[in-house]
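Given the sequences, and given the hints that come with them, work out the whole structure.
Which chain is which? The protein sequence lines are D and R, in order. Position 42 (the first sequence) corresponds to 42 in this note's numbering; numbering is contiguous. Position 43 (the second sequence) corresponds to 154 in this note's numbering; numbering is contiguous.
Just so you know, these hints were derived from the structure itself, not from any lab. A few of these clues could be false.
[To be verified] Only pairs whose alpha carbons sit at most 30 Å apart, straight line, appear in this in silico DSBU-like list of lysine-lysine:
(1) D:K98 - R:K203
(2) D:K110 - R:K203
(3) R:K139 - R:K203
(4) R:K281 - R:K139
[Stated by the list, open to error] Taking CB as the label site, the calculated pair distances span:
(5) R:I273 - D:K98: 17 to 27 Å
(6) R:F219 - D:D2: 19 to 29 Å
(7) R:E198 - D:H62: 15 to 25 Å
(8) R:G126 - D:K110: 38 to 48 Å
(9) R:V222 - D:D79: 32 to 42 Å
(10) D:L108 - R:V133: 27 to 37 Å
(11) D:D2 - R:E263: 42 to 52 Å
C-beta: ideal position from N, C-alpha, C; glycine also.
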Amino acid sequence: MDALLNISILHYLVVGAALFLLGVIGVLTRRNVVIVLMSIELILNAVNLNLVAFSHYWQGLHGPTALHGQVFAIFVITDAAAEAAVGLGILIAFFRNKETVNMDEVNLLKW
Amino acid sequence: MTPVATPFFFYLLAGIMIIGGVLVITRKNAVHSALALISTLLAQAGLYLMLYAPFVAGVQIILYAGGIMVLFLFVIMLINLERSIRERQFNKQWLIGIVAAAALGGLFIAVYTKGKTLFPAGRATYAESQNTQGVASLLYDPHTGIYMFSFEIASLLLLVAIIGAVVMAKKRI
Numbered sequence: 001m002d003a004l005l006n007i008s009i010l011h012y013l014v015v016g017a018a019l020f021l022l023g024v025i026g027v028l029t030r031r032n033v034v035i036v037l038m039s040i041e042l043i044l045n046a047v048n049l050n051l052v053a054f055s056h057y058w059q060g061l062h063g064p065t066a067l068h069g070q071v072f073a074i075f076v077i078t079d080a081a082a083e084a085a086v087g088l089g090i091l092i093a094f095f096r097n098k099e100t101v102n103m104d105e106v107n108l109l110k111w
Numbered sequence: 112m113t114p115v116a117t118p119f120f121f122y123l124l125a126g127i128m129i130i131g132g133v134l135v136i137t138r139k140n141a142v143h144s145a146l147a148l149i150s151t152l153l154a155q156a157g158l159y160l161m162l163y164a165p166f167v168a169g170v171q172i173i174l175y176a177g178g179i180m181v182l183f184l185f186v187i188m189l190i191n192l193e194r195s196i197r198e199r200q201f202n203k204q205w206l207i208g209i210v211a212a213a214a215l216g217g218l219f220i221a222v223y224t225k226g227k228t229l230f231p232a233g234r235a236t237y238a239e240s241q242n243t244q245g246v247a248s249l250l251y252d253p254h255t256g257i258y259m260f261s262f263e264i265a266s267l268l269l270l271v272a273i274i275g276a277v278v279m280a281k282k283r284i
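So, in structure tokens, the structure goes:
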């Protein structure tokens, strides 16, 4: 009980791992491209939570100005914005050509 | 600030996050998924606050819940999802996908049960007022900003993404 109530870094890592798994399940099993992109956002957010939690741990070791994990999380958010813009652009182009958002019909590059 | 009722808020926010994540990957309607994802992102901003990262929490709310999710909702309304709601929602490989995710989950459980003694049990407290200054001095200070070059590269990446999105969404390439 004490391990459950005394919130440590590990608790945040477990939440991040659970969110990551949900994102992986979404990417692997859903057919709707929009929801697959949202699952990718879930994965990126799980990683971000881990980064900020580790930043908190690192601050404990190296003083309150050691914010490298938080800076990295901001870079990941930048990447997520770029990825969402390009991914949704591709999605609009795909929908214009095929009139569907089904992942299984994206087979033009299939060998 | 000294933390108040940390376990309660942690489990509340973590529960909202996990339930929102489950709703994202199970809902038929993409708009419902997007709304669940917004609640997940807002709860995550709360967890950032509990980790003494107010700047990242603000960026999370403004950029993620405000910017990226509006982009998602825009695209959902631009494309016609009527047909996809009536279709099968999960692909043929769903069983293999869940098995693969379960294997990954087993790996996580093994790593975290083996390595749980590596992490300190208690949590330190930091002054929130210095967080934004600390992040900024790592990002753009001429003397201590070791991430200055990466920051410039990130702006270049955003420029490339803008051009790429415009080209992708153009009618005739």
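Going through the hints against the structure:
no.	hint	result
1	D:K98 - R:K203	holds, 21 Å
2	D:K110 - R:K203	holds, 17 Å
3	R:K139 - R:K203	holds, 17 Å
4	R:K281 - R:K139	holds, 29 Å
5	R:I273 - D:K98: 17 to 27 Å	holds, 25 Å
6	R:F219 - D:D2: 19 to 29 Å	holds, 23 Å
7	R:E198 - D:H62: 15 to 25 Å	violated, 52 Å
8	R:G126 - D:K110: 38 to 48 Å	holds, 41 Å
9	R:V222 - D:D79: 32 to 42 Å	violated, 25 Å
10	D:L108 - R:V133: 27 to 37 Å	holds, 32 Å
11	D:D2 - R:E263: 42 to 52 Å	holds, 47 Å
The structure fails hints 7, 9 (numbered hints given earlier, in ascending order).
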